[in-house]
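Q: Knowing the structure of chain A, use the given hints to seat chain B on it.
There are 2 protein chains.
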Amino acid sequence: MSLETRIRRKSLHDRIVTPEEAAALIKDGMTIGMSGFTKAGDAKAVPLAMAQRAAKEKFRITLMTGASLGHDIDKMLTEAGVLARRLPFQSDRVLRAAINRGEVMFIDQHLSETVEQLRSGQISPIDYAVVEAVAITEDGGIVPSTSVGNSASFAILARKVIVELNLSHSPELEGLHDIYIPAKRPSRTPIPVVACDSRVGSPYIPIEPDKIAAIVITEKQDSTARISPPDAETISIAGHLIGFLQDEVRKGRLDMTLNPLQAGIGVIANSVLSGLADSPFHDLRMYSEVLQDSTFELFEAGKLSFASAASMTLSSTWADRVFRNIRAYKDKVILRPQEVSNHPEIIRRLGVIGINTALEFDIYGNVNSTHVGGTDMMNGIGGSGDFARNAFLSIFVAKSVAKGGAISSVVPMVSHVDHTEHDVDILVTEHGLADLRGLAPRERAPVIIRNCCHPAYRELLADYFKRAVATRAGQTPHILEEAFDWHVRRLKTGSMLTGA
Amino acid sequence: MSLETRIRRKSLHDRIVTPEEAAALIKDGMTIGMSGFTKAGDAKAVPLAMAQRAAKEKFRITLMTGASLGHDIDKMLTEAGVLARRLPFQSDRVLRAAINRGEVMFIDQHLSETVEQLRSGQISPIDYAVVEAVAITEDGGIVPSTSVGNSASFAILARKVIVELNLSHSPELEGLHDIYIPAKRPSRTPIPVVACDSRVGSPYIPIEPDKIAAIVITEKQDSTARISPPDAETISIAGHLIGFLQDEVRKGRLDMTLNPLQAGIGVIANSVLSGLADSPFHDLRMYSEVLQDSTFELFEAGKLSFASAASMTLSSTWADRVFRNIRAYKDKVILRPQEVSNHPEIIRRLGVIGINTALEFDIYGNVNSTHVGGTDMMNGIGGSGDFARNAFLSIFVAKSVAKGGAISSVVPMVSHVDHTEHDVDILVTEHGLADLRGLAPRERAPVIIRNCCHPAYRELLADYFKRAVATRAGQTPHILEEAFDWHVRRLKTGSMLTGA
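Chains as they are written, first to last, in this note's numbering: chain A, 1 to 500; chain B, 1 to 500.
For the record, the hints were derived by calculation from the structure and aren't laboratory data.
Fair warning: there could be bad hints in the mix.
Copies of the same chain are indistinguishable here, so a pair counts whether it falls within one copy or spans any two.
As the list claims (entries may be wrong) - Cut-off 30 Å, straight-line C-alpha distance, at most; resulting in silico cross-link-like pairs (DSSO-like, lysine-lysine):
| hint | residue 1 | residue 2 |
| --- | --- | --- |
| 1 | 10 | 330 |
| 2 | 251 | 160 |
| 3 | 492 | 466 |
| 4 | 492 | 403 |
| 5 | 330 | 303 |
Just chain A, same shape as in the assembly (with noise of 0.2 Å):
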């Protein structure tokens, strides 16, 4: 394929540049917008030859994307000490480190909401949005690839958009997105997603085309998902999941298709999902905000008639099968601006079913998503809040314990809060499901310690949920004293056990 057909646009020709020429455009102190979404459609060689010019030439920049980076690009950019502030979330090792020791200043937003702040004038502009694409349209529009994520706007409100076409990747991609963008207020109208195969926008990124200010041309693929097979737990999770889901069908509050699905980013939310593959479910469709492996097991097992996301994140073996055969696909999938994906208003009007990973959650259904011991930062709220407070059904997943049964992920109080009571429906562990809705809080704490929590811990949960009631009492009853023991005893010993 010629590049004649990846830039329609004839004039854009003469932009193609380097990656270190492109790099060097961007200047210490200015905000840069990179595509990327759970490690797909990320920009890959200006970041590169960002953080290599950076040994020569020190220089800071804000970093806001869609959500994570793949190809270590987070972990090159703090290394070369570029990054001075970065949001709206990150999943890098050596980032979480720095930001944990307070050296970058890190900004974790619900994903929905960054454009939104960004289009108003509340967070600083952008300078340069960096964007993948597979294709330049002959308007100048650019056509992204495996994620739209934030691109669309970031390209859109940028001052200059630097473009990476990436050749590796499909052109057949063309045609999946479906790029809507709200109207300024007071003029705004509703966002006509009505259904998850709503198609409401245009298949490309419509900008001027002077704004292209460089073109790079690359071949990286993406960096592949390591999704770990499900285990005894995420089966055992799957399994109650299913079956509380029967339970609703029953009781006539879903249907066979269920609602909408969305599950988030991870081992256990995709295992999860996977499960789905052998109920007796049918006709399922996600309006989520990544799709996995998970995603195109349901599709291939017939189970799935429609998915939409901001992003697509595979596994190698995944991803091959599914690039390839990407056109077959072009009916079934729609890849959206993570505004979109994850808006409240479209959430809410289609009655997501959303699934998502807690940390920590404690005996009253709060949870925690971000926090190690309430402090250091692991990865950020990511979409979970979007869809969790506007979901038809808002359900948390977790292991019961970590770290070999040092940790429980039930606690008397979670030791940092993303998502409040007032959000939280359903509670799953590998040891049962928690039906909190209709609940006061008094009554939520011993069907969690029952259903959820890992016997090692259940009777000293129940003791600290005991006297509490007996002490303090209160629509939530605390003893402010202890309740953050257990986590100071894992800081101190390395387990919540005592005596362990």
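A: The following block gives chain B in isolation, referenced to the frame of chain A:
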């Protein structure tokens, strides 16, 4: 005015009964949905008769309302032992105490969500809706009074309806309401509200007339709001906020008509809104859940052009003035179901500026709206979450100290989280304003300590933050062992100050 013009469907005249006869329909174990939102438009005669009946014959019910009730109804029902379960909001001293003793199960919900859960059968169905009205139409449609709240969906979804026709309300209230009910999924379409003054529904609650089981005639007026006049602190809070908003205009993020305003119930938010009467802004609009005195002060000052909400709760002075003259407000005010007034879809679309009251907030911008000392329910989260999460600007206001300085509203860590750091843009006390947009937690803390904290606590708070950074570091530095020391000290000594 004769009953014929109030009950315009002749066949319903024989449904008129005494409050006692209506109350006798309500049986032990039933779920009852009553009108009433921030004391406005509550059912008055039937709940009183229920409480009286319970003195002779014990029965317990689940009671849902729009929000808080007037006329000590919650108090009387609590004392009569009628309330087994209560949702989604209350503000009564006696009920609150019973909730905190664990005698009444209280489900504290986002105000937009109750009828959503009810409609999908996720909480127990309503046996009787008891709804105050100013009229019943020829078709049996119910014209609500001073609030819509959840009345429309309660009446539509209930097995049977009891109407309290209140002759003390002006019949001129008819035409003020706009009843729109979202369609069932999966055929739900966008809610067509695109501006504060959008009329998208009917002026009455459409129900099958045969569902009206009883009509009770009353003449009792709404409880009036006890609104304290602005004091030095609330005037100062309003001043900081107005200065900030002017600055936003200068920066081009708002124009002089601002975005639609929401203000939570209560003295502080009301005073802040009053303060806008002397501001340079003009043609303001409200998209809120409750209209208080300040709304009509702004109308009279020529500052406000339109106000949309779910209820009107006025002091006796303003109630006289406004309701005598309600015809003049027909094209300036709309009362909507709280599902619409508080809907994430609309709040986000319109770009509402949400102003809500915090009980306490912490150095990282997490807000506690509900729980005193982390355990005891005050009123409930109400609509603050609906607005804070989806607002263009999410603002929380509080006086910096309470109980004569014994309690600081700015603490190291809130003892209960209702609004996470992700949902809080601006914090204001009488000492100043903290703009948290685009700041990482470590950057938020110094701004909050410097601008919002009372001087008596400033050094203590700065010391905690400094030591937390030095001891544990992290994205959100905390020393879990002492994060609640201030709260524990207050429990033990009555004051958060050391040596007090």
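Q: For each hint, tell me whether it holds in the structure or not.
A: Hints versus structure:
1. 10 x 330: Classified as within: same-chain Cα gap 27 Å, cross-chain 59 Å, threshold 30 Å.
2. 251 x 160: between (55 Å within a copy, 22 Å between copies)
3. 492 x 466: both (26 Å within a copy, 21 Å between copies)
4. 492 x 403: within (15 Å within a copy, 37 Å between copies)
5. 330 x 303: within (17 Å within a copy, 53 Å between copies)
The earlier numbered hints are all upheld by this structure, with none contradicted.
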